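For reference, the chains in residue letters:
2 protein chains.
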Amino acid sequence: MEFFFRPRGVAIVGATANRERGGYHIVYNARQGFTGRIYPVNPRYREIDGLPCFPSIMDVPDPVDMAILFVPAPAVPDLAAQCARRGIRGVIVESGGFSEVGPEGQSCQEALRRIAADTGLRVWGPNCMGLIDTATKTVFSFVSPSIWEDGLVRGGVSLVVQSGMLSGGFLMDAMTHGDAGFSKVCSLGNKVDVNECDILPCLLDDPDTKSVGLYLESFVDGRRFMEICAASDKPVVVLKGGKSAGGSRAAMSHTASLAGNQWVVSGALAQAGVIEATDFKQMIDLCTALAGTSRWKAGHGARIAVVTYTGAGGILSADFMEGTGLILANLSPGAMEALKAIYPPWMPPGNPLDLWPAMERQGPLKALSVALKAVCADPNVDGVLLHTFVGGVISYLDLAEASETARVAGKPLFCWLLGRNKEAQEFKEAARRHGIPVYGELYRTVESMAALFRWRPPQERR
Amino acid sequence: MEFFFRPRGVAIVGATANRERGGYHIVYNARQGFTGRIYPVNPRYREIDGLPCFPSIMDVPDPVDMAILFVPAPAVPDLAAQCARRGIRGVIVESGGFSEVGPEGQSCQEALRRIAADTGLRVWGPNCMGLIDTATKTVFSFVSPSIWEDGLVRGGVSLVVQSGMLSGGFLMDAMTHGDAGFSKVCSLGNKVDVNECDILPCLLDDPDTKSVGLYLESFVDGRRFMEICAASDKPVVVLKGGKSAGGSRAAMSHTASLAGNQWVVSGALAQAGVIEATDFKQMIDLCTALAGTSRWKAGHGARIAVVTYTGAGGILSADFMEGTGLILANLSPGAMEALKAIYPPWMPPGNPLDLWPAMERQGPLKALSVALKAVCADPNVDGVLLHTFVGGVISYLDLAEASETARVAGKPLFCWLLGRNKEAQEFKEAARRHGIPVYGELYRTVESMAALFRWRPPQERR
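The listed protein sequences derive, respectively, from chains L and B. Heads up, the first sequence is in our numbering, so the first residue is 36 and it goes up one at a time. Heads up, the second sequence is in our numbering, so the first residue is 36 and it goes up one at a time.
Chain L extracted, bound-state conformation (with noise of 0.2 Å):
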């Protein structure tokens, strides 16, 4: 599958000049990033932004391994067959108009099929937005163009989408929101013939993902998927759709997909070692945190320490853990030690850490210093659950300081963050760099927490 994500040189056929239509942002993304030889494809142009572009694929020059297909549905089968004499090994068609509109597109889609079987050309979609690889800045997508004024934000987390807009949207939102980085996003559409079992063996042997997260509509070949699940020592994340009869029904619609039993599937993916997502973000969230795994050793303990500068959220932190696995751990006597030197003396500590009597008096920058120094030496204490506040008084966390604290202790430390937005973003994007995970909600910073220290690699699963 190499030749999809690092391509001697890439076909783009279906390329055009006119800047709104999406065969001119395949080729505006190739050029951004990507470092092999790029070969617009169309009978109507010589060149497209200075670029040189050929009549057919058959005139496209050496070295050429991929291409990516943006003609109508019609056009798309004989274009792949084409490909497979010109010695491309792999095409993505990033068109739709196939087996999701009825029985016409069925018949090309079967075509479509019929050359990948009978060439061995691997086929990619159709009905899809392609691969983006924040690593290498290769983005193969018509995607907006829009996504690299922002850049693209690098991280731990590789996701696979059968879908189209979704993973471009997915991708925006979270990068400019400050919420996630992320490695190879793979948007998989028909699956007419690659599908999640021939990618994520890649993602999973990508050095630069930490974790994945999957949204499916269907199974292509369940038992390996669980297989390959079930042996990964990288944590697997899935969103099903279609688990409502109307869900169902949409899902046939979208991508011809027939979306299975709901029971049986989360069953199967519970035994492969699969954490179920249950929303889009969420699903990221929960990744994002899962990508910690490669950071920290979590053992098998689970007791957390609450910080926090507001008695409300360190109640709801104890209510949202409960049923998690997560449990508030009882501070060693050395810890309480160390934390009554901030307090007042009519205050005595506690878990959760409510930190505000001790903000007052010693500034929240030496409160929350000493207390995370405290509740990371305390052996009784396995993750540090810290609530943040940025745009107002108390904004005043050091942050790198914090983060070395917890890595020195080898204890994963969590975030929950209120506050205004600008100073929000700004410290979701300082955190990641830390390798912190931030969360907007409460009930979800416990819940990814959750995820982290309920993961298992495969040696050590029941």
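Calculated directly from the structure, the hints in this document are not laboratory data. Just so we're clear, the structure is a prediction, and the values are computed from it rather than from any experiment. One or more hints might be untrue.
[To be verified] One-sided excerpt, in silico: chain B residues whose CB lies under 8 Å from chain L:
#1 Ser181
#2 Asp185
#3 Leu201
#4 Glu252
#5 Ser288
#6 Ile350
#7 Asp354
#8 Met382
#9 Gly385
#10 Leu453
Here a beta-carbon is modelled for each residue, glycine too, at the ideal position from N, C-alpha and C.
With chain L's structure known, arrange chain B on it following the hints.
Same frame as chain L, but now just chain B:
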């Protein structure tokens, strides 16, 4: 209770000129919008920022209906007694150090309780953050003055929060992220005298309040509270803290609250027509949706048209509706005819309505306009769930037109939004002005829309 919200004059005991301290913030915040008289009280100053400062509460001239006390707990009971003698009708005690910190604080709180009982002085707090009224721009709170930089965003949601820091954090977060607008926000703290049964009726009478959310760690008079809720023709949402064993223990040390049995509480709330929330922001999201009950007369049907640019979003919308009471509408022949005119011939429209093929043919602006008119005019449709994306090629929704289309049809329009941060903020703010609820998470969108359709005024409850 009017003297708390609209006093003719307010004394601020514990005012200070030190700009880093809460005692300064209270004075600063009061001066920004409150139009009555403001009297700082502190024997150490003759003036604060040009405002005459009085040595004691007895020296404060008329008119003075209310006092804010922000001094150490042991000094509070005597000061409250002085206030009663001075003819002041209510005090907001914003300092901490009472029941939440152990026996000593408990005796201060008990003394305060006796003064309230003996003199008739109403006591709000202690250990609270006071109140914010965005309609009158009255802020009686030590909340960070940075709250003014972003403007107080008005809206139909009022909050009652048994917590201090959180109410301020909430507000700044929700207002600067464009998530919600507020009418009144009341932070109640330890509830020595004034409690939810005093405040809730004020909010239900407030013409600016369309829905009320309460974060409570205890019910002071559960029976009376449920009666108020059961009779309310405005939606009430409650988030109960301390439902777990750990959370209940933390609630005791936060506001000295006995949290009660969670099952009994949940049952009573449901019977009183209260919607129970599960997290802080989710409570505000539900309130924002429910504020629409004053605008939309949701009938007894809940047949929803899902208009999307992403098949995957449509599928999960259908999945999420299951069990919420919302159902996928069967579009009428008339709507189908109107939609076919913008779709390619190979693609039949349906529900969820994947608009992408029509957007590609007609442009997003026209496709969305036609689609929204068609589903809003459809007698088989009771509400519209619209998926929107901003910051890329398809950010071409005419929000004013969409809002007008929904308004004329009298059908609730809810948006799920993905997109670039900057454009997303702008969209959310514009949508708020049009009264259209917008959410960043799909499940939250469905859940909030379901709450609006499920809610019934008292006379229509079974």
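- Item | Per-residue hint verdict: Met382/B, partner chain L, C-beta under 8 Å | holds (5 Å)
- Message: Would the hint on Ser288/B be counted as holding, given a Cβ-Cβ threshold of 8 Å to chain L?
- Response: holds (6 Å)
- Does the nearest C-beta of chain L fall within a distance shorter than 8 Å of the C-beta of Leu201/B? With Cβ-Cβ at 4 Å, under 8 Å, it holds.
- Item | Hint validity - Gly385/B Cβ closer than 8 Å to any chain L Cβ | holds (6 Å)
- Identify whether the interface hint at Glu252/B stands, where standing means a beta carbon of chain L within less than 8 Å of its own. holds (6 Å)
- Item | Closest C-beta approach of Asp354/B to chain L relative to 8 Å, hint status | Where the cut-off is 8 Å and the nearest Cβ of chain L is about 4 Å from Asp354/B, the hint holds.
- Does Leu453/B meet its interface restraint, that is, does its C-beta lie within less than 8 Å of any C-beta in chain L? Holds, about 4 Å.
- Hint check: 8 Å Cβ-Cβ cutoff, Ser181/B to chain L: Status holds, d = 5 Å.
- Verify the interface restraint on Ile350/B: the C-beta must sit less than 8 Å from at least one C-beta of chain L. Holds, about 4 Å.
- Task: Grab the minimum C-beta distance from Asp185/B to chain L and call the hint holds if it beats 8 Å, violated otherwise.
- Result: holds (7 Å)
This entry satisfies every hint, going by the numbered hints stated previously.
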